[in-house]
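> The chain contents come next:
There are 2 protein chains.
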Amino acid sequence: MAKVKKTPRPKAETPKGFRDYFGADVTERKEMLDKIASVYHRYGFDPLETSAVETVQALGKFLPDVDRPNEGVFAWQEEDDGDWLALRYDMTAPLARVAAQFRNDLPSPYRRYAMGPVWRNEKPGPGRFRQFYQCDADTVGSASVASDAEICALLSDTLEAVGIPRGDYIVRVNNRKVLNGVLESMGLADDATRDAVLRTIDKFDKVGEAGVRELLGKGRLDASGAYIDGVGLAAEQADPVVAFLTSKGADAAETLANLRAAVGDTKVGLDGVQELEDIAALLAAQGYGPDRIEIDPSVVRGLGYYTGPVFEAELTFEITDEKGRPRQFGSVAGGGRYDDLVKRFTGQAVPATGVSIGVDRLLAALRAKGRAGGAMAGPVVVTVMDRDRLADYQSMVGELRAAGIRAEMYLGNPKNFGNQMKYADKRNSPIAIIQGGDEAERGMVQLKDLILGAKIAETATLEEWKDRPSQIEVPRDALVVEVQKMLDGQ
Amino acid sequence: MAKVKKTPRPKAETPKGFRDYFGADVTERKEMLDKIASVYHRYGFDPLETSAVETVQALGKFLPDVDRPNEGVFAWQEEDDGDWLALRYDMTAPLARVAAQFRNDLPSPYRRYAMGPVWRNEKPGPGRFRQFYQCDADTVGSASVASDAEICALLSDTLEAVGIPRGDYIVRVNNRKVLNGVLESMGLADDATRDAVLRTIDKFDKVGEAGVRELLGKGRLDASGAYIDGVGLAAEQADPVVAFLTSKGADAAETLANLRAAVGDTKVGLDGVQELEDIAALLAAQGYGPDRIEIDPSVVRGLGYYTGPVFEAELTFEITDEKGRPRQFGSVAGGGRYDDLVKRFTGQAVPATGVSIGVDRLLAALRAKGRAGGAMAGPVVVTVMDRDRLADYQSMVGELRAAGIRAEMYLGNPKNFGNQMKYADKRNSPIAIIQGGDEAERGMVQLKDLILGAKIAETATLEEWKDRPSQIEVPRDALVVEVQKMLDGQ
Chain A
1 MAKVKKTPRP KAETPKGFRD YFGADVTERK EMLDKIASVY HRYGFDPLET SAVETVQALG
61 KFLPDVDRPN EGVFAWQEED DGDWLALRYD MTAPLARVAA QFRNDLPSPY RRYAMGPVWR
121 NEKPGPGRFR QFYQCDADTV GSASVASDAE ICALLSDTLE AVGIPRGDYI VRVNNRKVLN
181 GVLESMGLAD DATRDAVLRT IDKFDKVGEA GVRELLGKGR LDASGAYIDG VGLAAEQADP
241 VVAFLTSKGA DAAETLANLR AAVGDTKVGL DGVQELEDIA ALLAAQGYGP DRIEIDPSVV
301 RGLGYYTGPV FEAELTFEIT DEKGRPRQFG SVAGGGRYDD LVKRFTGQAV PATGVSIGVD
361 RLLAALRAKG RAGGAMAGPV VVTVMDRDRL ADYQSMVGEL RAAGIRAEMY LGNPKNFGNQ
421 MKYADKRNSP IAIIQGGDEA ERGMVQLKDL ILGAKIAETA TLEEWKDRPS QIEVPRDALV
481 VEVQKMLDGQ
Chain B
1 MAKVKKTPRP KAETPKGFRD YFGADVTERK EMLDKIASVY HRYGFDPLET SAVETVQALG
61 KFLPDVDRPN EGVFAWQEED DGDWLALRYD MTAPLARVAA QFRNDLPSPY RRYAMGPVWR
121 NEKPGPGRFR QFYQCDADTV GSASVASDAE ICALLSDTLE AVGIPRGDYI VRVNNRKVLN
181 GVLESMGLAD DATRDAVLRT IDKFDKVGEA GVRELLGKGR LDASGAYIDG VGLAAEQADP
241 VVAFLTSKGA DAAETLANLR AAVGDTKVGL DGVQELEDIA ALLAAQGYGP DRIEIDPSVV
301 RGLGYYTGPV FEAELTFEIT DEKGRPRQFG SVAGGGRYDD LVKRFTGQAV PATGVSIGVD
361 RLLAALRAKG RAGGAMAGPV VVTVMDRDRL ADYQSMVGEL RAAGIRAEMY LGNPKNFGNQ
421 MKYADKRNSP IAIIQGGDEA ERGMVQLKDL ILGAKIAETA TLEEWKDRPS QIEVPRDALV
481 VEVQKMLDGQ
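Protein sequence lines correspond, in order, to chains A and B. For the first sequence, counting from 1, position 210 maps to 210 in UniProt numbering; every step adds exactly one. For the second sequence, counting from 1, position 206 maps to 206 in UniProt numbering; every step adds exactly one.
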């Protein structure tokens, strides 16, 4: 007989850069999304769930971050030389497609929110995943700065709703138009130089003022020892850019005055400053002061992508990083105005503004502050002492469930009782129910308080242990009442 | 100057077979999933969210339905000749991977639920989508029929929790082992014939008893005029199969007796009947009678896939189909025991049982019965009469929102007031707030009851219309109270 070649066993692994979420990881994120959705809903935003898959054509290449490979999507071709399809990499590109596809049916302006996973075909690294959640709110079809101000208020309310107290976060607002005014007033020769300056500004929060000056000038030796070529501006040419980035004053009025000085008499620059002033006034009228939302021209993330106001929400408290050093938690949400996305499809510019919350980062922040995390409450476990009486045990479970109590019967091999208790422990079970033949005859059941038991186990002497105060016997008829009583006392 | 070649505009379309969900479609499904999750949770099942992407290797080919092309997944290869990746096509294959990957960490038995989209690379057709939701509960690591019985009870409770009243559904239970006993007692010569008989049985709910007899024998002319070759059994050889399929009696005892007769003295067959008897007894002890869960050997879906008990939930009420004909709504959930999935990875067989609910079908059923559907309640719309007073209008919105009332300011171009009212109408808004300069001076606002207004518009005379009873003027200070009063009255 010929030898049958064995197929090697498949590896039980997620693809690189992907992960699974268990128990409390899932429920905590869900609770957070529910809270966010409830604020979005109150603000008049409607839910939209687009398909995870789009045509590559419709998706386009609109990744907001500059340092990402151009081909950062998961894509494949339909059979028989069909369309190229891809997983969405954000929620904005599908929104643009929807806004174009359903432009005759949707209300205008169209406020929508979207929550769900997005996928990025990037090199996976520690803590970097290729599937993660985004949670966006956008207003399509409104050119009014009132819609930008609304997004800032929404962001502030949302952060507080999920459990970030006032004072632990700040929403910062900048405006691309102001930067455009600065660049125009500098009289830069060509688009290439402009783009180079834009790319440099984007590094401000990493390299600081001195670094930006070097990069705008001759160049800079970075931390890794590599030499980065500079834009080649003269030192005094860099002044307006640095003035812009550092123009934040003691209050909004001072900041706005600094910005007005930085944009000179350029129309776009003055428009941009006016927009910031209007946004500040609208927010102040609703009571959102600089303790929650402030104008801050040092916000550079996304300035190269957005066309008007830009927003960023930063958590201001310190956490301890992997190396034990304190650091600011940093950004958890960002957004801005982008007026060109729908135009790709229809030829008509449609003004739009919005924000995207990094759900996983926000959840990590709450965990770092001890405001989330911890195991999920487990079920009451009805143990199996006598395998001929499964129906009896299952009836107990049924009664507990009918009373709204999370409960289950042990479904593994009941031979070894120790395994049943180990299982209850692993499930984080609050109570184990035990009924042997003896108890059954007397119409009684044992309730073992596993939370109290664990506490006693930490401190008790052998004598105290033997008294088993954490275990009580109750009539079978009173099972539900007694279990509820024990749960309430825990 | 050389002509610049224009890139054609991308089409604003979802890929074929995909769709978007708007507003109430999203929230209704979410509400249903929340209700299902709450029952699953009460039963002790823990949430698991695996990544949407798996390696093709780990995914395997375990599609339960026979009539699906083998290559029914969306797959692509990682760069540089890397792994082949694919979108999950169900929730079971990822569970098998997780159960193998985390076998040392997970509790055993492991009860988990999973909800989310799955993807099938099938030819799209009317009403057939390539992305849809599944909602599964499975118990991995328990060989006990108590876990099968639990899944049936869970399914019954879940259907009632989402709004299918008792009497409008039935959970039917069959067992692959009983069928194996029947096939064994027939003494079929080879595996090929066995498989052919299995495939034939799978068509029982489409072709009925006479059809199955023809297909087991010489063959059958189907409705389209095509001739389907038969298995080639003699007429009397088909008797045991038909006896099995039609063995449902007046009650469980009679059905079980019929099944015992059909399996002869085969061990596997008798084991299978015993399992059904034990399941029925466990369920009866918890009060799940044949009005909710019954043994029914005519359940054939999945018999070729599962290895033990098989479950199916069917809605028993009639709906009207696209052609106006009444028909049964049919199946909304199915599942069973499958003991081989984890073995692919580890070499060790792990018993598992579970169920998958077709969320979209279930939602369609509720809509068909008028128990879901209808537009989402829109926000109160604060109109803009004077664009210099945006801050005033936005403050009204802020107060309403702070009181938990869904509200927004009109963010489009306010020039044409008619457009603002059209917008409010499209948003399904209950109330429009209006404040012109005159009202502002007097410290008043107008509240327009759009629900009442719509009712009056249907029936009112011109005179009644002019009286505008649906519009009232209230003090600005009382805005929130008066809006809440009007909402309560609607």
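The set of hints was computed from the structure by calculation and includes no laboratory data. Do not take every clue at face value.
Where chains are identical, the list cannot tell them apart; a pair therefore holds if satisfied intra-copy or between any two copies.
[Claimed, not checked] Using 25 Å as the maximum straight-line C-alpha spacing, the simulated PhoX-like pairs for lysine-lysine come out as follows:
hint, residue 1, residue 2
1, K415, K343
2, K426, K343
3, K323, K426
> None of the hints should be skipped; say for each whether it holds.
Evaluated hints:
{"no.": "1", "hint": "K415 with K343", "verdict": "between (69 Å within a copy, 24 Å between copies)"}
{"no.": "2", "hint": "K426 with K343", "verdict": "between (55 Å within a copy, 24 Å between copies)"}
{"no.": "3", "hint": "K323 with K426", "verdict": "neither (31 Å within a copy, 54 Å between copies)"}
Against the hints set out earlier in the document, a violation occurs for number 3 only.
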